[in-house]
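Combine both chains into one complex, guided by the hints.
Protein chains in written order, with our numbering: chain A, 1 to 330; chain B, 1001 to 1372.
Everything labelled a hint here was simulated from the structure, so no lab data went into it. No experiment lies behind these values; they were computed from the predicted model shown. One or more hints might be untrue.
Simulated pairs of lysine-lysine, PhoX-like, Cα-Cα distance not exceeding 25 Å [claimed, not checked]:
1) A:Lys241 with B:Lys1171
2) B:Lys1104 with B:Lys1063
3) B:Lys1090 with B:Lys1045
4) B:Lys1323 with B:Lys1034
5) A:Lys7 with A:Lys78
6) B:Lys1062 with B:Lys1034
7) B:Lys1323 with B:Lys1354
8) B:Lys1107 with A:Lys131
9) B:Lys1022 with B:Lys1062
10) A:Lys241 with B:Lys1107
11) B:Lys1045 with A:Lys131
12) B:Lys1034 with B:Lys1022
13) A:Lys241 with A:Lys131
14) A:Lys90 with A:Lys50
15) B:Lys1360 with B:Lys1349
16) B:Lys1090 with B:Lys1018
17) B:Lys1104 with B:Lys1034
18) B:Lys1225 with B:Lys1063
19) A:Lys131 with B:Lys1104
20) A:Lys195 with A:Lys168
21) B:Lys1062 with B:Lys1018
22) B:Lys1090 with A:Lys131
23) B:Lys1104 with A:Lys241
24) B:Lys1040 with A:Lys131
So, partial list: chain A residues that the calculated Cβ filter (under 8 Å) puts toward chain B [to be verified]:
25) Asp227
26) Tyr228
27) Arg230
28) Gly236
29) Val237
30) Arg249
31) Pro325
Note that beta-carbon positions come from the ideal geometry of N, C-alpha and C, so glycine has one too.
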Amino acid sequence: MLKYSIKRLLYSAIILFFVMFIIYTLMYVMPGNYVQTKAMELATKPGATKSADEWLADLNRQYGMDQGIISGYFTWLKSAVKLDFGDSWKWNKACTQVFSERIWYSFALNVITMFFQIIIAIPLGIHAARKQYGFSDYFATVFSMVCISMPSFFLITLLKLIFAVKLKWFDLTGMIDPRIHDSLSDFGKFLDVAKHYVLPVITITIISIGGLMRYTRTNMLEVLSSDYIRTARAKGVPERKVIYSHAFRNTLITLITILGGSLVSLFSGAIITEQLFGLTGIGQASYQSMVVGDIPFTMFYLAFISLLTLLGNLLADLLYAAADPRVRLA
Amino acid sequence: MADKTIQAHDAYSADLFKDAEKNPENLLVVKNLKKYFPIKSSFFKMTVGNVKAVDGVSFVIKKGTTMGLVGESGCGKSTIGRTILRLIEKTEGEVFFNGEDVFKLSKAELRAHRPNIQIIFQDPYSSLSPRIPVGEIIGEAVREHHIVSPAEFDDYITRVMEACGLAEYHKDRYPHEFSGGQRQRICIARALALNPDFILCDEPVSALDVSIQAQIINLLRDLQKEFGLTYLFISHDLSVVEHISDTVGVMYLGNLVEYAETDKLFSKPLHPYTQALFSAIPVPDPDYKMNRIILEGSIPSPANPPSGCKFHTRCRECMEVCKYLNPDFAEVEPEHYCACHLYNSPARKAELDKLVAEMKREEEKKAEESKK
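One chain only, chain B, in its complex shape (with noise of 0.2 Å):
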């Protein structure tokens, strides 16, 4: 029964970004990317389950956008940028960088492609090495990677390191000397000195105060002019993706459930988990009135995640079918990618609907048996 769901749903996904990484002005194709990180029994090391951490997730960032990526915490914004920069290995799917396939790359070409597709770490205090300076930690991997001529070295630096509001006389001196948004710019300027393409920022300003955050931002949005830069921004913060984004991916429990450019989606969300996200933010003006969808219940476990609709346990318009289908991502309106059987075509209804009165009738069939 569980196959007949993932195939039904897998078999429609497939076609959809269909060839997408032909197209030269997509920078990032992601298609049906899952990450299952495996449960295994304390004592034989024998696999007992998944966390299904990312499970079919697919999305397209165009050249020179940022793609927000929202979500609650552990829904596996994270996982997904840590796989497409093959820090960690995929399940399944494809990821295409530049209509390349990150994950028939080998060791050595995976290597060489790294600085092309560069990261910024939610937590500036720990993803600095506290015994290097400044200027190495920016420099190391510049070197590395030859990206430029050793004469030219010192200088190039000191431009990345001004770029992003740091002062030469800074390259001396080591991470612990520096205040949590110094550090998240040399982090940024970490990203930038390798000449990369993308960028992927994973909260970037979540561990910065409000101020700062701002600064951070701006000058994130300062460089992309600049320099041409693809972003994806994983945050929890809705304004400030609001702020950010050119298009904003919506995650519930390891699926994309909503996808759409950042007004259209803030205007009229369509899944009705964005819709209660959205409802949540809060408006800086006392006499309005919020209207606030209060979800039941909390996120279920990834690990054990409901059938059907994962959303269907907390969801306003739950029907039918969602306790059994996993809804297909699908082209809802032009550009705007929904998961929500509301918005199924009635050819693709009655489809499912068949497909339903099948289960049911074997669910039937098997409590009978159980029975006798």
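Next comes chain A alone, as it looks inside the complex (with noise of 0.2 Å):
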């Protein structure tokens, strides 16, 4: 188990090593990039002394961008090693420091809508299964289906417009209240930050649950119809152990997989979620970043993914093997 872990590493290393070179050539190369609008923006200033192509040339020199991609990426990996991600040029602060200021909403949005969507996703999918072209299957079904294929920012659109606009339930944006946020208690002030993830939470737990739900159903679909379920049955198990001890350990599996990889989930942010809800959460930063062209930070920030997409999916393998006594991972 450790020999594979270590190899599984390795090879992660060498896996991120041409991810981060590919992300950082499309940074560099992209037309409009942080330094050229800079140049146009100082050159057209009133009283400017340089043309746009003296700015361009200076900067350049400045944000180290004259080396080429090539030398400007080794000179980003070295200090990346190092864990150095340098400042972001947006928010001229250390990325790590943005990153350590906006993650904590985007991770509580996320166990709080990963939570709602194996309570929900889950006990449906088994229902669905159980009840295979009943009624509650034919529902569940279009249901998911629904969820899957609705767009977040309709949905968004549609949640405001009823629960904001009409009802005045909530705000349309924000993480807080401006008006009465300061005059709060703590316990107040973490309830009106509350009441504004609710929104959020709802949009991202309706477009995650179909997936899931469609996996449970399929995995135990085919679990229960294999024939040591009918032993299970014919020696006079209970149908609720028959389902949730025998059929559902089985389908544990293929979930563990699903979760394993939706890791990564926690941490990403929901860029379009966060943007249109207004919350300052990592996923509305890396969209910022990406839009002005911030290399720094788009290199700190997709760096962090990687890393956590390869471990997510190691962690799955491993569990995987902890599932199923079957596997042996070598």
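Given below as structure tokens:
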């Protein structure tokens, strides 16, 4: 197991190297990058002393963009392995600082969402599988299909229209209610933030339960039709135990793989949802940094996500072995 | 017309094995059991027809004996087994176990009844849950049904495993670590641990190679002697059935066509289908002249079986009456039941001939009408 993990981590390092190189290249060659925009801005300022081209040359030197893609990448890599990711161009702060300021908002959002996703989707999937082709199965199928197909911006607009505009239960955007937030006690402040999390949580939960529910249903169906479930019934095990201890246990493998893969989603933030609800989470930060071509922050964020994805996959494989005695990792 | 044939047949077979369930010697009594699987149209889910997997089967198994059930694949052998166990629900008929109607049990009663009547499935690979260790597979239901006290539990499971040729250290292993023969031993131990009166063996050796088959069959026989078990042994291997069974039933397309003691049946098969089937048993003697009866055509679809006797399309002895009426499953000789018009009593023959004549007239009338 240890040998296997080390081997996988080495592979991950190689994959990470190339993934980051591709991302760096894309950011570097992107037209209208941060430096160009800044040069234009400075050159068109009233009282500008240098032309745009001169500014560009200056700034390129200043930001280290004059050394070409390959050597630029290695410069980034050298400091990155020392965990020094440089300063964000957009926020003029260390990338890690921007990250630590914002990640917990996203993390909280995603943990809550994942919790709801699991407690809704898995029982629903099990139920649908038990009543295959029954009314509740069709209902769950249609419901999950709607959930999967719904674009988040559309769902958000819909939710805002109903709950914020018509019913006036929640604010349209923001993390806090600026009119009253400062006057509240600590617990009141917490409740205020929690209230602003309701709609984002609903949005992401609705969008994500469909997939998990379908996975659960499909895998349950496969397991329920197997011979050993018939054996369990024939030996007189109560139906509840047949479903949960025999069938669900075998379904867990696949679910673990999916949930292990979604480890990354706990930290990656939700770009559209955070942007539209004005949550200052990591998703929003990554969106804003990418839009202005903030190479250090984007690189840092995507390196983090890539690493997490690779670790999530490794974790899923290790859990797989723990859940299935037939799997021996080598 | 179809109604008439079914009525004529059902009325007759209802008397067969009448009150057999009241005899305490009879452990399992099956009366006119039917199991139809509806064929649904794809769009409106309307039932457009039935696959008559089991179409009126009756037999009795005495305590401590083994009944073999043979027939081509797809003839409904396994469906009978599963319906008796109530793993699937019946369409019609009665099943008595120890004088108790199995289909009248409530859900809770059925669960309490489960340990008495156990099953060994054909495929020992897929019938064991891959993620549960062997000790737990065998012991789970034992604990669930409080067969032994918790203090004795470990010893009990070990004893059962040893009786089935498994060792105690196998308990913590998982099913995938065993060979096919050992897995079937696990399945047998699992069934045996519940202290059943009756074990349904649904082709328990078909998935195993021949040397292992013999081991498993002998194990089943030894266990029968030791624990006084009753078996229903489903198989398509006639030599295995002859070896293990006290009585044998032969099935064709959802019907039991012949049922008798093994010796009687093998020495003197009455039904033309049984005769054809037995003529196909290979004899390990190169000089033996096999007198095989070759059946023409293939087994008809159970969704749309032929009218009258279902075997008449392939039967050498086919008569006029066979095309119209289902034969009765009757006691032709003492303890030898056969469903064939060849063995009708003169009185019954006259009765049926009259019915056939009537049906023919109706048919002609209809044909004339359609011509006009």
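Quick rundown of the hints versus the structure:
no.: 1; hint: A:Lys241 with B:Lys1171; result: holds (21 Å)
no.: 2; hint: B:Lys1104 with B:Lys1063; result: holds (22 Å)
no.: 3; hint: B:Lys1090 with B:Lys1045; result: holds (20 Å)
no.: 4; hint: B:Lys1323 with B:Lys1034; result: holds (22 Å)
no.: 5; hint: A:Lys7 with A:Lys78; result: holds (23 Å)
no.: 6; hint: B:Lys1062 with B:Lys1034; result: holds (21 Å)
no.: 7; hint: B:Lys1323 with B:Lys1354; result: holds (14 Å)
no.: 8; hint: B:Lys1107 with A:Lys131; result: holds (18 Å)
no.: 9; hint: B:Lys1022 with B:Lys1062; result: holds (12 Å)
no.: 10; hint: A:Lys241 with B:Lys1107; result: holds (15 Å)
no.: 11; hint: B:Lys1045 with A:Lys131; result: holds (16 Å)
no.: 12; hint: B:Lys1034 with B:Lys1022; result: holds (22 Å)
no.: 13; hint: A:Lys241 with A:Lys131; result: holds (17 Å)
no.: 14; hint: A:Lys90 with A:Lys50; result: holds (23 Å)
no.: 15; hint: B:Lys1360 with B:Lys1349; result: holds (16 Å)
no.: 16; hint: B:Lys1090 with B:Lys1018; result: holds (20 Å)
no.: 17; hint: B:Lys1104 with B:Lys1034; result: holds (16 Å)
no.: 18; hint: B:Lys1225 with B:Lys1063; result: holds (12 Å)
no.: 19; hint: A:Lys131 with B:Lys1104; result: holds (24 Å)
no.: 20; hint: A:Lys195 with A:Lys168; result: holds (12 Å)
no.: 21; hint: B:Lys1062 with B:Lys1018; result: holds (15 Å)
no.: 22; hint: B:Lys1090 with A:Lys131; result: holds (20 Å)
no.: 23; hint: B:Lys1104 with A:Lys241; result: holds (24 Å)
no.: 24; hint: B:Lys1040 with A:Lys131; result: holds (17 Å)
no.: 25; hint: Asp227; result: holds (4 Å)
no.: 26; hint: Tyr228; result: holds (4 Å)
no.: 27; hint: Arg230; result: holds (6 Å)
no.: 28; hint: Gly236; result: holds (3 Å)
no.: 29; hint: Val237; result: holds (6 Å)
no.: 30; hint: Arg249; result: holds (5 Å)
no.: 31; hint: Pro325; result: holds (4 Å)
Figure legend: structure checked against the earlier numbered hints; every hint is met.
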